[in-house]
Structure formats: structure tokens, C-alpha cells
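Protein chains in written order, with UniProt numbering: chain A, 1 to 706; chain B, 1 to 706.
Keep in mind the hints are simulated off the structure, nothing from the lab. Honestly, I wouldn't trust all of these hints.
Given that identical chains are not distinguished, each listed pair holds provided it fits within a single copy or across any two copies.
[As the list claims (entries may be wrong)] Mimicking SDA-like on lysine to any residue, the simulated pairs with C-alpha atoms at most 20 Å apart in a straight line are:
id, residue 1, residue 2
1, K114, P79
2, K37, T65
3, K226, E676
4, K114, P364
5, K27, A372
6, K161, Q584
7, K37, D24
8, K703, Q587
9, K243, A66
Note that the structure is predicted; figures quoted are calculated from it, not measured.
Spelled out from the first residue to the last, the chains are:
2 protein chains.
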Amino acid sequence: MTTPSPIDTILNPGSVAILGASDDLAKWGGSMLALLKKFEFPGKIFPVNPRSPVVQSLPAFPSVTAIGQPVDVALLAVPHERAIEAFEDCARAGVKAILMVTSQFAESGEAGQKLQDTLVDIARRAGIRIIGPNCMGYFHSHANLCLLNAQALMRNPVLHKGSIALISQSGALAGAMLARAYDLGAGFSFCVSLGNQADLEVCDFLEYAISDPQTRVISLYIEGVKSPQRFIGLLRQARAAGKPVLLVKAGRTDSGKRAVQSHTASMAGAYQAFEAAVRYESAVVVDDFLELVMQAVAWTSLPPPTGRSIAVFSGSGGGGAVASDLVDEAGLETATLSPGTVQALAPLMPESCAHLPFDLGAVPASHRGTNAQWLQEVIVGMMADPGIGAGIFVMTTQPDMVGAARTVMAASQLCGKPVVFVNAASSCGSEATDVLRAAGMVRFESIREATRYLANRLAFEQRAGVPLLEAPAPAVPAVAAMASGLPVGLMSEYQTKQLFAAAGIPVTAGQVARSADEAASAARAIGFPVVMKLMSAQVSHKSDIGGVVLNVRDEAAVRQNFGALQAALAPVPGATFDGCLVQQMAQADAELLVGTHWDAQFGPMLMFGFGGTLVELQRDTALLPASASRPAIAEALAGLRLYPLLTGFRGREPADLERLVDLIHRMGQLAVQLGEQLAECEANPVMVRGNSIVVADARAVWKEKA
Amino acid sequence: MTTPSPIDTILNPGSVAILGASDDLAKWGGSMLALLKKFEFPGKIFPVNPRSPVVQSLPAFPSVTAIGQPVDVALLAVPHERAIEAFEDCARAGVKAILMVTSQFAESGEAGQKLQDTLVDIARRAGIRIIGPNCMGYFHSHANLCLLNAQALMRNPVLHKGSIALISQSGALAGAMLARAYDLGAGFSFCVSLGNQADLEVCDFLEYAISDPQTRVISLYIEGVKSPQRFIGLLRQARAAGKPVLLVKAGRTDSGKRAVQSHTASMAGAYQAFEAAVRYESAVVVDDFLELVMQAVAWTSLPPPTGRSIAVFSGSGGGGAVASDLVDEAGLETATLSPGTVQALAPLMPESCAHLPFDLGAVPASHRGTNAQWLQEVIVGMMADPGIGAGIFVMTTQPDMVGAARTVMAASQLCGKPVVFVNAASSCGSEATDVLRAAGMVRFESIREATRYLANRLAFEQRAGVPLLEAPAPAVPAVAAMASGLPVGLMSEYQTKQLFAAAGIPVTAGQVARSADEAASAARAIGFPVVMKLMSAQVSHKSDIGGVVLNVRDEAAVRQNFGALQAALAPVPGATFDGCLVQQMAQADAELLVGTHWDAQFGPMLMFGFGGTLVELQRDTALLPASASRPAIAEALAGLRLYPLLTGFRGREPADLERLVDLIHRMGQLAVQLGEQLAECEANPVMVRGNSIVVADARAVWKEKA
């Protein structure tokens with residue numbers, strides 16, 4: 001028999017002690033105890049209060065050590081000044097885990113950090129795991145265990161059992177998400193607010209959620225990732241287990257980063273790298289916490305769409321029109337009816353109405369019969385169309401909204417396709433939304449959120465099974481050999497290209513020339529026209545100071561330009577002239593940049609895009625983990641705005657895409673092999689014309705071994 | 001004394017007749033009469049029912065002609081088969097306006113269109129104005145007049161008096177928007193659903209709203225614009241009157257266009273031109289109808305922001321972090337506190353908490369005193385910071401939410417700056433939102449919508465007073481002279497450039513050469529290097545077939561290329577060789593496209609952007625009305641992604657922006673002068689380097705006079 005994991009013990013404890021238990025429900029020790037009792041926790045409850053033998057009608061203990069029975073979880077609702085003492089008591093009592101809700105620890109500055117470190121120390125020595133501090137607690141609905149101080153739980157009589165796990169760095173946002181879920185009639189399998197994550201962190205609960213049979217969808221609110229590699233590995237496991245991970249990451253922008261740092265002392269990290277890394281593990285990134293709940297509830301209450309074509313229907317022609325626009329704008333398609341479906345619907349509505357979007361309000365009353373029955377036949381008949389992958393029903397204020405809600409649910413069940421309900425009737429639709437709530441069925445209040453959900457879910461389903469990332473390939477010996485001798489610092493174009501060549505990346509032929517004579521002879525050997533480039537260790541953007549001459553056509557011009565390059569360096573203070581590079585002149589229909597950098601959290605990242613020297617302005621780039629597979633690279637490349645330049649746009653020769661993807665893939669593999677020492681490298685431009693694909697310029701930064 | 005306008009009579013009638021008045025509230029003639037009574041319409045009410053002398057306790061008339069008193073408005077709730085008869089009765093009775101709610105007219109096909117035309121005919125002869133058919137009616141709250149069949153009105157005891165006019169082509173969406181407004185505690189000055197607009201249309205009510213002293217904000221739901229020029233003129237009047245016009249336009253996408261056509265038989269037109277035209281009249285375009293209500297209510301319940309810096313505060317650190325991200329992403333700035341404000345707040349909170357975003361939940365209880373009083377002092381003290389232009393409060397589930405709602409309203413009033421309330425507590429926040437509702441104060445449920453509102457309002461306020469469009473300039477005689485002789489069809493580069501030259505637009509020097517000898521002598525006259533371009537009436541994209549040779553450096557090359565151009569045409573079936581153009585070779589750091597086209601609804605439009613032949617891929621263009629002013633052009637240019645190419649990016653020579661704006665402005669003026677006959681014209685590329693700005697290639701399409 002295996003010992004249960006700490007999370008298992010925490011979520012399914014046999015006993016809970018409450019230090020600071022109180023009759024006053026305004027205090028944490030009061031409300032938490034009340035919640036435990038209200039939702040009928042089946043394990044033992046030990047109130048601890050030195051001044052009162054009975055708390056909330058339960059016998060209380062003067063101290064945790066006085067309990068004399070095993071304590072799985074101790075909730076510490078004590079002032080932070082008394083935290084050390086309480087921890088020591090728990091250690092003596094053999095408590096297995098502490099839920100520490102108190103704040104004013106690491107998030108409040110240096111003194112708090114020290115105090116927190118002391119607690120961690122005590123706990124570690126005693127083998128106690130900690131949730132918090134500075135958190136709001138957690139609940140596990142399937143264990144009838146509630147230790148989360150949230151208004152929605154205090155207001156509602158039932159702890160809904162659900163299949164969504166909610167793991168949040170913010171307690172207040174967990175509370176807000178919970179309130180929204182209650183309004184939707186949805187529940188969570190478990191929910192945990194993690195606060196400062198002094199010990200247990202997002203990954204611990206994420207790992208549990210992946211293996212938890214009662215959890216089908218995982219939702220996360222994250223401020224900073226403590227162990228990025230573990231996190232990414234768990235996302236991969238979740239994907240393999242078929243469990244979607246939906247997440248909000250705060251700290252996307254500079255303002256957000258500052259905010260999270262002061263909130264949970266989290267370092268937000270580079271958001272772009274985070275997003276690239278998690279998307280390539282198929283996580284669904286949402287940018288608002290309430291939308292996160294909506295999406296999670298939709299995910300659990302609706303089957304997956306069977307295709308991209310969305311049937312829009314509404315009691316309002318205007319509602320159908322607006323929804324059609326929003327479906328298109330979400331990158332989905334609006335469905336049209338097949339002739340067979342039109343025929344099947346003929347007894348139910350006049351031909352003039354039998355087209356999508358359905359304007360149900362426009363159907364003359366004479367056709368409707370009993371409204372609810374008629375509606376169900378129409379919707380089920382329509383959704384049966386094999387071309388339709390999902391439906392969206394926009395309910396405006398209309399007759400029989402309750403019937404409409406029932407019909408939508410029934411239709412979805414009968415056809416096995418999702419019909420997404422949008423309540424655009426506000427509180428006039430409350431009786432209808434009550435029907436949906438009772439069934440735990442999602443309803444959106446915003447058409448845009450509904451279309452975004454469908455787009456997210458389709459993307460997730462389509463990605464299932466596509467290999468996005470690769471296991472590390474064996475190290476390339478030639479690269480390893482070169483790397484071992486590289487000096488730290490900015491690598492010259494020449495060095496970088498040698499490294500690329502070792503990795504099998506095609507670079508322009510070229511020679512270093514220290515004199516005009518050498519340049520002339522190099523040019524003859526390479527063949528005219530050539531490119532000439534200034535070499536100077538101090539200059540990284542040569543072209544900005546006139547250090548690149550293209551299309552040099554004869555020997556006289558080579559000699560003249562050699563002098564000109566030397567002169568171009570004169571205005572740069574302290575720069576030394578190291579000669580020039582004479583290179584093959586590559587032609588291009590498209591110039592790309594392909595680069596890598598080492599992200600402090602997520603390791604090697606691969607970036608590519610159009611624009612050559614204009615790449616910052618073009619903003620037409622893709623960022624991927626460097627271990628991206630060829631298919632993932634090809635897909636990202638095809639998503640770029642200027643991609644048609646590679647596929648024969650206006651008479652251009654189509655590029656050899658396989659070769660280009662191979663070049664990009666080799667760059668990624670190079671970054672994976674060289675690791676942290678290759679801080680960044682850049683092939684820019686990569687000249688592409690037909691099957692001629694070659695790196696014309698390059699630079700890199702080599703760092704000391706950490 | 002002036003006679004009242006038809007709209008005035010319709011919105012302020014002395015008497016209303018209801019044809020089809022009924023005791024059955026499920027019928028239109030029943031519910032409408034009930035609403036008239038419920039909201040205590042002070043004028044005369046004439047139920048008309050041939051079978052019953054009393055309807056809903058009011059004496060009824062057997063026919064409208066039997067009333068024997070003046071009837072300002074007649075509501076026709078009669079089947080469409082009886083519409084002609086009812087209209088004729090109304091004509092005989094001297095009715096001034098008919099509200100026709102019945103459907104199955106123009107929107108249902110040809111037969112319906114004919115029937116509708118007949119009604120319009122009868123009405124026109126009798127001087128009767130029509131609202132509808134196929135609409136839901138209207139109300140005018142300040143006249144206690146309700147003729148709108150909407151659930152929100154049936155459910156609620158009060159017809160809120162408000163300052164938002166709502167003019168909608170969709171009745172069901174008007175109903176949905178009304179329901180949302182009721183939930184917010186907000187009211188409309190008047191609301192009208194227009195249906196098929198057989199007679200009175202959006203513009204008629206828009207015109208009224210602009211002069212209506214009880215209307216401060218105008219909101220529109222539009223499917224198609226019947227009279228675009230009048231519409232644009234009215235938007236300009238609204239702007240001059242300081243009344244914002246917020247609108248949703250359905251039919252933005254192909255799917256939406258199809259939908260609106262079948263809904264209200266509206267032609268959606270080209271959305272891009274619509275959007276450009278209305279934005280340049282400062283209309284605020286929103287893309288969902290419920291968000292339209294939110295924005296309109298926010299506009300009336302909040303003062304304008306005093307600056308771009310937004311103070312974010314929340315009971316949740318996570319809420320503050322997410323909101324900070326969303327503020328940044330909306331193009332606004334998150335505020336920081338000035339040292340003076342930090343000092344002023346020192347007695348209220350520890351220094352570690354005194355930074356934005358405020359995490360009010362993190363302030364230790366010891367600092368809070370009486371929570372509501374403390375909160376008000378903190379928020380008012382913070383909002384007083386002169387650097388702060390507006391506040392956003394994200395309310396998660398937290399203690400004393402009612403107090404928080406009151407504080408936010410009070411703070412906004414005390415500081416004269418908007419504090420936008422976001423209820424992220426769902427129904428847990430209902431007591432707090434009740435407080436806001438009672439005050440008619442907006443509360444958002446989505447942080448993103450709140451930030452979008454602030455961004456819209458700031459943009460509106462900043463535009464006030466900036467001249468965006470110009471009155472037509474006097475016609476340029478040289479342009480008029482050239483235009484009079486232009487043949488219909490595709491204009492050659494040479495012709496187009498002559499037209500541009502006549503308009504004062506700089507073009508590359510060039511000559512037509514019919515032989516290699518002529519080409520050589522032209523090149524000598526222009527100066528080497530030159531560009532040579534194939535001339536053929538049948539070829540419009542010369543460069544795609546190799547018909548453009550750049551950088552021709554000597555006479556021998558000129559002769560050789562002349563032959564090559566002739567040969568390049570050989571594969572094009574039916575194309576005749578008209579010689580070649582020999583032109584000055586212009587240098588460019590940036591290549592732009594500048595073009596105009598005639599939009600069927602909004603007239604001459606001006607488009608410009610970066611990219612030369614890649615312009616479709618670059619998607620970096622601006623579309624403006626051709627009468628755009630120089631400042632408007634300069635602003636749009638500066639908003640383009642590649643704009644830095646003109647301002648010295650990476651060592652480039654800064655372009656003479658004034659000259660470039662002048663060129664674009666002249667193109668716009670040219671399109672204005674030539675009107676519909678200049679179907680389209682294009683200068684592409686416009687070569688820009690420093691103060692050398694010149695059109696290198698051009699084409700145009702000249703149409704017959706309409």
C-alpha cells in the first residue's frame with residue numbers, strides 16, 4: 001500500500017483542527033468552523049480555544065497538543081505574531097498539514113519574509129506541509145470539506161459537487177470565481193487559494209488534479225510560476241490525460257507585473273515566453289478571471305463541437321445578425337443549411353424563414369403550433385444537419401423564454417452537439433436562466449464570450465494528437481566541439497555563422513579580408529556580385545552606420561568599398577577595424593529573422609518572422625519553445641501575415657518550405673543543445689528565394705556557464 | 001409659430017388611437033393599451049374595436065373614423081391582410097402618424113414589398129407619417145408615453161425618465177437593451193424601434209435627438225443606412241452639439257451582411273467605409289448591443305476622465321493585477337501616486353500598502369477604523385491626486401460591499417472624476433449593485449468593458465475641437481480641364497500621373513518612348529539611372545509579368561531592356577505593346593500606397609499605407625473620408641505600424657512629413673473634386689526618402705457620368 005500524497009491527506013483529511021476557533025462568525029476561526037459544520041464534514045472536527053471549552057456547540061480543546069488524537073489538517077486563524085508558537089504546537093502535536101490564512105508574511109516585506117522562512121523551517125523539520133500563508137483556504141466538494149472563507153459559500157446552503165478544479169494564487173479571485181460558478185449552478189471538484197506558496201504551490205495541486213478522477217477540467221489563476229519546468233511538464237501530463245487546463249495569468253503587462261509583485265511576491269517573468277510555452281502544451285489562456293469560470297463551466301456542461309460551422313439562431317433578427325458578425329470575427333464560420341435540412345424543416349416554417357441565422361421571431365404564429373414543441377422540432381431538425389458543428393442561441397426578451405431554455409438543452413442532448421445559450425435578456429430572462437442553472441448548464445451573457453469559448457474548444461480538440469514539441473535530439477558533435485571553445489560575449493557574424501554551419505544551417509559563403517587585396521581575391525573566388533561587410537567587435541548593427549555594401553559588381557568596386565568601410569568606422573568612438581567580410585550576394589523574395597533566446601523561466605525559446613532589419617516594426621513574428629516540432633513550426637510560419645511571400649505571391653517563385661522549416665528547426669535544436677550559455681542568437685536576414693535559403697547575417701551572445 | 005415636426009407630434013401626441021385594442025394582454029392591441037394606461041399617458045386614448053364598446057375599462061370606438069376627434073398617432077395592431085383598409089381608414093380620419101407593428105412586408109419578399117409600397121402611397125397622399133412596419137413601437141419617457149411592446153416595460157412598474165435616446169432597427173434588440181438598462185436603473189429619454197423604415201428612418205429620430213434637450217447621449221443600433229449623406233451630416237451636428245453618438249452596426253462581416261439583408265431588408269454596404277465615415281464624425285462604434293447600453297449608461301452617469309492615467313483599486317490584489325493588465329491593454333495608463341498623495345494617505349494605511357493598484361484587502365484591520373469611513377477617506381484622498389484621470393474599482397466578494405458601492409459613488413462626486421465600478425462578485429454583490437441601481441449609476445460586470453468605456457470616452461473628449469474633415473475646396477481648374485477629356489475605363493500610368501500633376505501631386509519625371517532610340521534619348525534627358533516600364537492598355541499590374549526594370553544605368557542597357565520589355569508582353573494573350581515609359585529612378589526608405597475610391601454610400605474615401613506592392617499583405621493602412629483634414633491625415637499616418645520608417649528609424653533620413661501629408665491631402669481633394677466618376681485611383685508606390693517624395697507609379701479607373 002502506498003502512503004497517501006500530502007495533497008490527498010489535505011483534501012481528504014480524517015480530522016481538522018481549528019486553532020482560533022470562535023463563536024464569532026465575523027472571525028476566521030468562527031466562519032471556517034461554521035462552514036465545516038454547515039457542509040457536514042464527515043471527519044473529526046477539533047475546535048481549539050484556550051478560553052472556552054465549547055465552541056459552536058462542539059467540545060473545544062485548550063491547545064492543539066491537548067487533542068490527543070491524530071490531526072491531519074490544522075487551520076491556523078491566529079494573528080501573525082503568534083504564528084511561530086502555533087507552528088511549534090502543531091509540530092509537537094504531529095499535525096500533518098497546516099492551512100495558514102494569516103497575512104503579513106513574505107508579501108509585506110523583508111520582516112514578513114523572515115518570519116515566513118522561520119515557519120517553513122519549523123514545518124519542514126516536523127514533516128508538516130503548508131498551504132499559504134496569506135490565503136483564503138480551500139474546499140473539496142466530494143469530501144464535504146470546506147475550509148474556504150468565501151461569501152458564496154456562506155450565502156448558499158449547498159456545496160455543489162463538480163468536476164472543475166480551481167487552483168488560484170488569489171483568494172479573493174477564487175471567491176469571485178466561486179460566486180460566478182454558483183450563479184451558473186456549477187460546482188468545483190476542489191478549489192484552493194494558495195497565497196504566498198511558502199511550501200505547497202500551484203504545481204502540487206495541479207498534479208493532484210490531473211490524476212483526480214473527479215476532476216475533468218482544470219482552471220488556474222496564476223501570478224508567477226515557481227517551478228516553470230515542472231509546470232510545463234504537468235501541462236503535458238494534463239494534455240496526455242485529456243484534461244484541458246484553462247488559465248489566467250496576471251502580470252502580462254508592465255503594470256500587471258508591478259501589481260503581482262506586491263500582491264503575492266511573485267515574479268511574473270516574461271509573459272510572451274510564458275504564453276508560448278503553455279500554449280504549446282495546449283493550455284487555454286483566458287484574460288479575465290470571470291471569463292475563466294464561464295469557459296470552464298461551458299467545457300464541463302457542453303460536448304465538444306463537431307466542426308467549425310456554427311448555427312446561429314435567435315428570437316431576434318438583430319441578435320442573429322450581431323452574433324453572425326461575432327462568429328466571423330472569432331475566426332469561426334457561420335453555418336448554412338443543407339438542402340436536405342431545408343426540406344426537413346419545410347413543414348415547420350415558411351421557406352422565407354428557413355435559412356441561418358434563424359430569426360425565430362419572424363416565423364408567423366400560424367406555423368408555430370404549441371410554441372415549445374415547435375421550437376424543439378425546429379432546433380433539433382436544424383442541428384441534425386451534418387454540416388453544423390455547434391449552435392449559438394441568442395435569447396433576447398421574447399415569449400416563452402423558459403421553453404426556449406429547455407429546448408436548447410434538449411436539442412444539445414439529442415444531437416450530441418453543443419448549443420451555447422446566450423442570455424441577452426438580462427434579468428427578464430431570469431426564469432429561463434434558472435432552468436439552466438438547475439441543470440448546471442452554462443449560459444453566457446456576452447455573445448463574444450460564447451464565440452471565444454467555441455473557438456478555444458475547437459482549437460483544443462484540433463490540437464489533440466498533433467506533436468507540438470520534441471524530445472531532445474542527440475547532441476550534434478560538431479556543435480559541441482565549437483561550443484567548448486567559444487569566448488564569452490558578443491559573437492561576431494563570422495563566428496556565429498561557423499556555429500550555424502556546424503549545426504547544418506546554411507549560411508552565405510564568405511571570407512574574411514584584412515586588406516583590399518585580400519578582399520579582391522576573396523570576391524573573385526566567391527564570384528560577383530558580392531556583399532562586403534565591416535568587421536568590428538564594437539559594432540553589432542553594421543547596417544546602421546553604412547557598414548554593409550550590397551551588390552558589389554567588380555574588383556575595382558571591391559577595393560573602393562574596402563576603403564569606404566574603413567572610413568565608415570571612423571566616427572564610432574573606440575571601435576577597431578578588423579577588416580571586412582566578403583560574401584556571396586544572396587537574392588531574396590522574402591527576408592526573415594530566425595532567432596533564439598534563453599528565457600530565465602522557460603528555457604530556450606525560438607522566434608522567427610518576416611522583416612529582416614524591419615522586424616520590430618513589422619511585428620509579424622512567432623514565438624515557440626525551441627523544442628518545437630517541424631509541424632508546429634510549419635503551422636506557426638503559415639500563421640504569419642507575410643507568409644504569402646513564400647507561396648508565390650504576385651509572381652514570386654514559391655519557397656522550398658520544407659527547407660525553410662528545417663533551417664528554423666535546426667536553430668531551435670541548436671538552442672536546446674547549447675542551453676543557457678547561448679543567451680541569444682539571431683540569423684537576420686535569412687534570404688529566401690525559391691529553394692535558395694541561406695543565412696546572410698548573424699550574431700549571438702555566449703554566456704559563462706552558470 | 002412653427003408647426004411641430006412629425007417626430008415631435010409622434011413623441012408628444014395629444015391623442016393615441018389603438019386599432020385592434022383588446023382585453024387580451026397576449027395580443028399587441030392588449031399589451032400596448034395596458035402599457036399606455038400603466039405609465040399614465042396624460043393624453044387621450046382611443047381604443048378601436050368593432051366588436052366591443054369597452055376595452056380595458058375604456059370606452060372603445062367601432063372604427064378610427066368614428067372617433068370624431070383629432071388623432072395624432074394610431075397604433076395599428078391588425079393583421080397584414082387588413083393593413084390597406086386600416087391605412088385608408090386612418091387617412092379618412094385625419095390621423096397624423098401611424099405606428100405599424102405588423103410584419104410580413106418588405107422583409108418577407110416581393111409580395112410584402114408591394115404591399116408596403118401601397119401603404120406608403122396611401123399615407124403619403126394623406127400626409128400621414130409611418131413608423132414601421134415590422135417594428136415593436138416606441139416610448140417617450142418624458143411624455144409618459146409608452147407604445148413599445150417590451151418585456152422589461154411589462155415587468156417593471158416605472159417608466160424611467162432618462163437622458164439616453166435609443167434608436168434601433170431591431171425591436172427585439174431594443175427590448176434586450178431596455179432590459180439591461182432597467183437592471184442598471186437607467187432610463188431613456190425616448191426609444192424607438194424602426195423595423196423596415198418604410199417612411200420615417202433612423203435619421204429622422206437622430207435629428208430629433210440632437211435638438212431634444214432631454215437627450216444627452218444618443219445610441220443607435222443600425223443594420224443599413226438609408227441616407228448616408230444625411231446620416232453623416234447629422235453625426236456632425238451631434239458632435240457640434242456635444243452629444244456623443246454610440247452605435248452598433250450589424251453586417252460588419254459577410255455573414256452579418258447576409259443576416260441583415262433578410263432581417264430588415266437592409267443593404268449593409270461596405271463596413272470599412274461606414275466605420276471610417278462615422279469615426280471621423282466622432283461616433284463611438286461598439287460591437288455588441290448590450291455593451292452599447294453599458295457604455296451609454298456609463299456616459300450619462302459618470303463625468304469625463306480628466307486624463308489617461310487610471311487608478312486601479314480592489315479588495316483583491318489579484319483583481320488589481322488583472323485590471324492593471326487590462327488597463328494597459330486598452331491603451332490607457334495605470335496611475336501611480338504622487339509623493340504628496342502618499343504623504344496624505346500616510347495616516348490611513350501603512351506605507352507598504354500605499355501604492356497603486358490599491359489592494360484594500362491587504363491593509364491590516366488595525367488601520368481601517370470604521371470601514372466605510374476609512375474607505376471613503378482613502379479613495380477620495382487617492383482620487384484627488386492631480387495625476388489621476390479616472391478610477392476603476394474591482395469589487396470582488398469582500399466585506400461591506402454596500403459600503404464600497406456608496407464610497408465609490410461619493411468619491412466620484414467629491415473629486416469630480418469618474419470612478420468606474422466593476423462588480424466581479426456576481427450575485428454576492430447584489431445588495432451593492434442595488435445601491436448603484438437606485439442611483440442610476442453604471443456598474444460593469446467585465447473589467448474589459450470598463451476599460452474600453454474609458455478609452456472610448458477619452459478618445460471622444462480628446463477629439464472635441466480637432467478639425468477632422470474639411471469643407472470642399474474650390475475646384476482646381478487644371479484638374480477640371482483634364483477630367484473633361486478623359487476616356488472611360490482603366491487609365492494608364494501616364495494619364496493618371498498627368499492628372500496627379502494637374503492636382504499638384506509630385507510624380508516622377510518621365511517620357512513615353514515608342515522605340516529603343518526614343519528610349520535612349522529620353523533616358524539621357526532624364527539622367528541615369530532610370531526606370532523603364534512596359535506600356536500596354538491590357539496590363540495593369542506590370543511588375544507581375546516583369547514589365548518594370550529598375551536601375552537602368554546606361555544607354556546600352558536602355559536599348560537592351562526595351563527589347564526585353566517587348567518580349568515580356570509576348571505571353572499575354574491579346575496585349576498590344578504601346579512602347580515604354582522611361583522615368584527618373586526615385587530612391588525610397590519607405591514605399592507607400594495612396595489611393596482613393598468612391599463608396600456607393602459614403603462617397604469619396606481616401607486610403608493610404610505602407611507596403612508598395614505588398615500592401616495587401618502588410619495590412620498597415622488607414623481609411624478616411626477623402627475630405628479628411630491635414631491634421632486628421634497626419635494623425636492616421638502616425639498610427640500606422642511602419643510609421644517609424646518616416647521618422648529616422650535605424651539611421652534613415654527623416655521624411656518631410658508635411659510634404660507627404662500634403663500629397664495625401666491633395667489625393668483626397670482630387671477625389672472630392674472629381675466625384676463619382678473617379679471610381680478609384682492609386683499612387684503606388686509613393687517613394688519617400690527625406691524630402692524627396694514622389695509618385696513612381698499610378699493607375700485609375702474613370703467611369704461614365706451617372
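Quick rundown of the hints versus the structure:
no.: 1; hint: K114 - P79; in the structure: within (16 Å within a copy, 80 Å between copies)
no.: 2; hint: K37 - T65; in the structure: neither (22 Å within a copy, 74 Å between copies)
no.: 3; hint: K226 - E676; in the structure: within (19 Å within a copy, 64 Å between copies)
no.: 4; hint: K114 - P364; in the structure: between (74 Å within a copy, 19 Å between copies)
no.: 5; hint: K27 - A372; in the structure: between (50 Å within a copy, 19 Å between copies)
no.: 6; hint: K161 - Q584; in the structure: neither (68 Å within a copy, 77 Å between copies)
no.: 7; hint: K37 - D24; in the structure: within (15 Å within a copy, 53 Å between copies)
no.: 8; hint: K703 - Q587; in the structure: neither (33 Å within a copy, 42 Å between copies)
no.: 9; hint: K243 - A66; in the structure: neither (43 Å within a copy, 72 Å between copies)
Hint check: violations occur at hints 2, 6, 8, 9; the rest are consistent with the structure.
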